[in-house]
Structures are given as C-alpha cells and as structure tokens.
Amino acid sequence: MADQSDVWLIVPVYNEAPVIAEVMNHALQTFPNVVCVDDGSRDGSAGQIATTKAHLVQHPVNLGQGAAIQTGVEYARQQPGAAFFVNFDADGQHQVEDVTAMIERLRSEDIDIVVGTRFHGDISHIPKLKRLVLKTAVTLSPRGRRLKLTDSHNGLRAFNRTVAEEMDITSNGMGHAPEIIEMIDRNKWRVAEQPVNIVYTEYSMAKGQSLLNGVNILFDSAVRRKR
Amino acid sequence: MAIKIILILAVLALLIFVLRSHGTNRGGAYVKIGMALFMVFAVYAVIRPDDVTWLAGQVGVGRGTDLLLYLLVVGIGFFAISTYLRFKEIELRYARLARAIALEQAARREENRPVSPDTASN
Chain A
77 MADQSDVWLI VPVYNEAPVI AEVMNHALQT FPNVVCVDDG SRDGSAGQIA
127 TTKAHLVQHP VNLGQGAAIQ TGVEYARQQP GAAFFVNFDA DGQHQVEDVT
177 AMIERLRSED IDIVVGTRFH GDISHIPKLK RLVLKTAVTL SPRGRRLKLT
227 DSHNGLRAFN RTVAEEMDIT SNGMGHAPEI IEMIDRNKWR VAEQPVNIVY
277 TEYSMAKGQS LLNGVNILFD SAVRRKR
Chain B
150 MAIKIILILA VLALLIFVLR SHGTNRGGAY VKIGMALFMV FAVYAVIRPD
200 DVTWLAGQVG VGRGTDLLLY LLVVGIGFFA ISTYLRFKEI ELRYARLARA
250 IALEQAARRE ENRPVSPDTA SN
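Sequences listed follow chains A and B, in order.
Number 303 marks the last residue of the first sequence (the numbering used here); no jumps.
Number 271 marks the last residue of the second sequence (the numbering used here); no jumps.
No incorrect hints appear here.
For lysine-lysine, the following DSSO-like pairs were computed, each having C-alpha atoms within a straight-line distance of at most 30 Å: (1) A:Lys224 with A:Lys204; (2) A:Lys264 with A:Lys211; (3) B:Lys237 with B:Lys181; (4) A:Lys206 with A:Lys224; (5) A:Lys264 with A:Lys224; (6) A:Lys211 with A:Lys224; (7) A:Lys206 with B:Lys237; (8) B:Lys237 with A:Lys211; (9) A:Lys264 with B:Lys237.
Keep in mind that the hints were calculated from the coordinates and are not lab data.
In isolation and in its complexed conformation, chain B is listed as follows (with noise of 0.2 Å):
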C-alpha cells in the first residue's frame, strides 16, 4: 500500500514541478494540459491497476505494464522534439545576442582606426 502512496505524491509533487518551472513558452498551455492529463491517468492506474489491464486489452496491448510503457516512449519522444525546439530558438536568440554585441564593437571599432588612402576614397 505505501508504494501507491508515494507514487501518487510523487506524481503529484512533478505535476506541481512542471506546472510551476514550464515558463513562458508559446505551446506551453498545451503542454501543460496534456501533462495533467497523463498525471491523473497515472493516478489511476496506480489506484486500480486492472483498469489499466481492461483498457490495454481493449486496445490491443498484453498488460496494463506494456500500455504505461508505450505510453511512457511516446511521452519521452515528444519531450525530445519539444526539449529539441526549445533549445534551437534559445540558440538562436543567443547568436542574435551575440551578433548585436559584435557588431558594435566593429563598429565602435572601425570609427577609431586611421584612415588609410584605401578606406577614404569608399
């Protein structure tokens, strides 16, 4: 009986974690939701483990183990891809950041250079 206990709190406390830490991302509503969706699930199937058997019959799969698992494969790959996403367009915002910073030191540093007989006549 412990082990439902403190799979449920631990659930609990990561649904609270990923409510919490998911900022402020454009899709990150969805994202939220389908979260909370799959924590209660997971309080239920910890809650009536042969419900889970049923539905994984239903759908075609042996046991309610193999369903979780299935599920559990589908939901790393989507936090792959998002994770992925993610950190594209935190890269590019860095090179953005990065790019702004340079060009303005070339430019502060073109204004000090002499000005050879080369670079007058542009």
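Isolated chain A (complex conformation) (with noise of 0.2 Å):
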C-alpha cells in the first residue's frame, strides 16, 4: 500500500460518540494522519477520540460543521509533510477506499481539488427524498452547473496544499458546500468529481440534513453573494 503519510484526514466531530472511535480506528489503518475538530459534543466524543491515534482539536464552544472544518483545515495545513487534505466524515458514511481513489488523482493528475459525487451509475441507494433534495440544490447552483459538478452537497472532498492554504470558510453551519463551490470558482480551482458511495446507516439518517436546513442553506448562499 502506498505511504499515505503526507495525507491529513479532516474529521468534524459533533456528538457521535457511538461510532467515532470505530470509524477512526479504521481510517487510522490507510491514513495515519487523523485531525478529529471535536465541536463542541457533549456526549463524551472527545473521549472516544482520545482512545485513537487521531489528533484532537476541541472546539471550546460549539460553532457548526463549516467552522469545525475550517478549523481542521488549519491545524493539519500547519503540521510538517501535510501535502493532501481530505474532508471526512465520523458517523463512517464515507469510505476509505474512495479517499485512496481521490488521493491517488490528486498525486497523478492536474488538479487541484476532487469532490465526490452521488450521481454515478446506481443512484438507487439514495433515499427518494434526499436525491430530490440534493437534485435541487444542483439545479439551483449556478456555479455548480458551470464547474460541471453534479453533486454540490457531497461532504467528501479531497484537495492540495493548494487549496488548504487559500480555503477560508465563514459559513460557520451547514452552509459550506456552496460556499466551498464558490471557492473554487473565484480561486480557479481545478476540480474534478470523483463517483463515490455513501453508506446511508440509519445512524447517519437519523442525523442528516433535513430538507428545512436546505431552506437555511439557500437564504445563507443569497445573502453571502450581497457582500
């Protein structure tokens, strides 16, 4: 296997206490190198990540997924040799073997950033109301439309030194995919998507967006574009 030593794992971390250490210990065994950004959980999270190898950063009050990333993407962007940068999720939605697959473009090809997408081949997997929610969210995206990215919302991105060391997200909620689209258009960002699986466990339902949080995500992209 190659070394995947120069690889920062980002890991927001908000109450899955149940499942984080399971899920780091796995991504530890490809990765090495895990930045868990503990928001602010009260349900012992920290703890759990205690027991791992992964870094932990502890928000001391909670902010919200956008600024738990930002956050990990500073603390990995500092730490010597970090070279790729990947946003992972806890509750174990996301697969391993996808981010080896995004890392292994990132070394070969020219680009800079890769975002993982739902809409490939089988989509049959997705709940029947989140691909409409998610196909919305697409289809309102003016950006996303013209970057040619068929899945604005996927959580799962892979980047370089590149992109770590401009990104500065300041939507502090969920409000970030958008905001890391625009990112990428205005910093011209070479991006291409990467087919991945998401692994719907009734955990990570039971804790997904809901679609009123489409609504906030929207009001917070229309405002940002003002400023």
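The task is to assemble the complex, starting from two chains supplied on their own in separate frames and drawing on the hints.
Quick look at the structure:
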C-alpha cells in the first residue's frame, strides 16, 4: 500500500460518541494522520477520540460544521509534510477506499480538488427525498452547473496544499458546501469529480440534513453573494 | 395635544439612543443619517399630519397613516437585514476566536503526547 503519511483526514465531530472511535480506527489503518475537530460535543466524543491515534482539536463551544472543517484545515496545514487534505465524515458514511482513489487522482492528475459525487451509475441506494433535495440544490447552483459538478453538497472532498492554504470557510453552519463551490470558482481551482459510495446507515440518516435546513443554506448563500 | 409632546419626546429619546449606542459599524454613519432623517420626518408628521396626508396623496397612497405604515415596513426590513448581517459578522469573529483557542490548546496537547512509533516516523 502506498505511503499516505502526507495525507491528513479532517473530521468534524459533533456528538458522534457511539461510532467515532470505530470509524477513526478503521480510517487510521490506511491514513496515519487524522485530525478530529470536536465541535463542542456533549456526549463524550472527545474521550472516544482520545482512545484512538487521531489528533484532537476541541472547540470550546459549538460553532457548526463549516467552522469545524475550517479549524481542521488550519490545524492540518500547519503539520510538517502535509500535502493532501480530505474532508471526511465522522459517522462512517464515507468510504476509505474512495478517499484512496481521490488521493491517487490528486497525485497523478493536474487537479487541485476532487469532490465526491453520488450521482454516477446506480443511485437507487440514495433515499428518494434526499435525492430530490440534492438534485434541487444542484439545479439551483449556477456555479455548480458551470463547473460541471453534479453533487454540490457532497461532504467528501480531497484537495492539495494550494487549496488548503486559500481555504477560508466563513459559514459556520451547513452552508459550507456551496461556499466551497464558490471558492473553487473564484480561486480557479482545477476541480474534478469522483464517484463515491455514501453508506446511509440508520445512524447517519437520523442525523442527516433535513429539507428545512436546505432553506437555511439557500438563504445564507443568497446573503453571502451580496457582500 | 399631550400626545404630540409625548411622541416628539419619544422620538428624540430614540434618536439619541440610536446615535449613542450604534457603535463602530462601517456603514454606521449612513444608518445614522437615515435614522436622523426618519426622525425629523416623524416629528414633522406629528406636528402637521395633514401635510403627510397631502404627501401620501401625491405619491398615490390613500392616507398619511398608510404612508407612515409603509415607511415603517421598509424601515423594519432594512433593520432586520442589517441586524442579520451584523450578527453574521459577529458570529464569524466569534468562530475565529474560538478556533484560535482550540488550535492553541491542541498544539499544547500534542507536545505533551507520548511519542508513539507511528507519530515519530512523520
């Protein structure tokens, strides 16, 4: 297996104590460098993370997923030898094999950032309502269309040092996905898509984004554009 | 007559309050000018309501009260948006502060962490 010691997995964690240690230990087998950003969890997630070899950064208060990702990026880019960075979920819905493939593309191709997409091949495993919401999000995003991104709200992304240095997520909550698409466009990062499998476990479904949250995201995007 | 005095005093008190409390916002000066004009208009409207009705007629609104109501709606909308933006900005600063604390604590924790074979190799 290729040496992955120049790769950093960035994992925002909010109340994931039941699964976090298992997910991290699995990921650590392939990727030795993981930073978990505990976003003010109240269920002992930090203690669970401490049982693994993952680095732990703890927000003193809950700030939101976007803020946690930004913290993780800032932590990881300070680490000596860090060349590639991955946004990875704490609840086990992302697959380590997909990350390996994405990193491989970053190493071999002329691209800065690889974004995962659920809309390649068979999509029947995606719950119907979720599919509708995601499709709507894509349709409403002119940037996403221009950049030929089919799944603008996919949380699995891998990127190189250029992107990590320039990344500055300002939406603390769930609005970071469209914000990153904006950054790709504005900073002219070379972007590619990678088909990935998202495993919708019961646990991740229960915590997933609701349709209503989509309204928040849309509103935040609209306001941000005006500034 | 008493109501006019009360309204004028209330408006003046509000004006002073807004001017003194609306701190260091960038667009703050414009907000203050807008507020001042609005207050002057409010005082004028209290003193000469017929003029407001006349003005309302000129701009195609039935009564002076309706005109005021419309202005109020616009004012509240503006206020809501500027407050929202202000909150966003404060939220961002707050996040950066919390992040700085988190990163510093994490760096200290890593220093004290026993060096295992895996981490030493990087």
